[in-house]
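J.: Dock the two chains into a complex; use the hints.
Heads up: the protein sequence lines correspond to chains Y and B, in order.
First residue of the first sequence? That's 1 in the numbering used here, and the numbers climb one at a time after it.
First residue of the second sequence? That's 1 in the numbering used here, and the numbers climb one at a time after it.
Keep in mind that the hints were calculated from the coordinates and are not lab data.
Among the clues, some could well be false.
[Unchecked claim] Heads up, simulated DSSO-like pairs for lysine-lysine below, C-alpha to C-alpha not over 27 Å straight-line: (1) Lys67(B) - Lys41(B); (2) Lys71(Y) - Lys41(B); (3) Lys40(B) - Lys9(Y); (4) Lys83(Y) - Lys41(B); (5) Lys40(B) - Lys14(Y); (6) Lys40(B) - Lys3(B); (7) Lys56(B) - Lys37(B); (8) Lys9(Y) - Lys70(Y); (9) Lys83(Y) - Lys40(B).
[Said to hold, decoys possible] Computed from the model, here is a short list of chain Y residues facing chain B with C-beta under 7 Å: (10) Gly2; (11) Gly16; (12) Val19; (13) Pro39; (14) Phe106; (15) Ser108.
By construction, the Cβ of each residue, glycine as well, lies at the ideal position given by its N, Cα and C atoms.
Read off the chains here:
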Amino acid sequence: DGGITQSPKYLFRKEGQNVTLSCEQNLNHDAMYWYRQDPGQGLRLIYYSQIVNDFQKGDIAEGYSVSREKKESFPLTVTSAQKNPTAFYLCASSPSRGGGSYGYTFGSGTRLTVV
Amino acid sequence: EDKVVQSPLSLVVHEGDTVTLNCSYEVTNFRSLLWYKQEKKAPTFLFMLTSSGIEKKSGRLSSILDKKELSSILNITATQTGDSAIYLCAVATRGSGGGADGLTFGKGTHLIIQP
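The shape of chain B in the complex, shown without the other chains (with noise of 0.2 Å):
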């Protein structure tokens, strides 16, 4: 069975603190590993990384996979109150046909930001 772990489950800091999010996998057919922020509802798309070694980067935040570790970390540094969010990390694999299979969730890291 396909299983997604991020760490930590919740985590409180102040304003401009940088904080360095994890998560692991293990699962067969590795296709990508996605990063989304949910502030109230909809999980809102960060990034996606499909080769280890390479940093995506957007603003404040950027996030690397290590395919060999089985693993990702989502950096943001200079935190703000509104990166108070779940920051949700999830994986899509190959299907058996050669299709792909969607995507599997880990629980989600509650960042809290406080000012």
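Isolated chain Y, as found in the complex (with noise of 0.2 Å):
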């Protein structure tokens, strides 16, 4: 089955730590997000890439960096210069830039605390 495959579920982090969260997709998608999902805050997004070895910072990229090698592929890295990490990260896909006809497919996630 397609679909978008984000792991680990659960993760933690020491201070001044880099963690890496993955997402792998094999929709044949273009267009790969990661979005940071707080309570009360809705999904903020950090960054995103439309291509292979391109990507652009989103609303709240300080702190991440990604790398797009592959087009199935989009890791997310949590740097130890994101002070506040502990949230709910959610990987996404679509065709193209925008959603195309359907908006995002969405991975189940990753909940990362800081310990």
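T.: Written as structure tokens, this is what we have:
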């Protein structure tokens, strides 16, 4: 079945540590996105990528980095510069930027907690 | 800056009640409005609306867009406990170069259906 796989489901980070969240899709979608969700805040865009080897900052990119070396994969690194990383992270993809006809397909998310 | 506002932010009703969720937006170059349901993890697509006054229906759920009022409503009739979820509204915009800009999300309405 086609879809988006995020791993791990739960992740614990120590202060000062970098961690990488994985996102893989087999939908042959061109565009991929990372969102952060906090209680009462809705979804906020961190980074997006429209094609391989190209990505753009979203609204809250500080303290995060991404790469897009393959069409299927869009990993997100939460660096030590991100002061408040505890949140639920959602990866999404779409056939083209803007969602095509059916919006985005979302992964199941990774819950990151700083310990 | 594009803005999407949902109301109410939370709502508790009894099984069998009818609920109406609201979404208003202020964006440049509106393309479409989308509704998602988020239960525990991945948001799932409900509706995409592009034209005013045309109701989209799926079972007990329906939605309509009013481009003059820059708003949309999502109705759920004969609610069931399985309707308990966060309902997200998002607006897709058209980029200045003709391509799409992506989705701007509201904060969501947290709906709880009590038996």
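J.: Tell me the numbers of any earlier hints that the structure contravenes, in ascending order.
T.: 1, 10, 11, 12, 13
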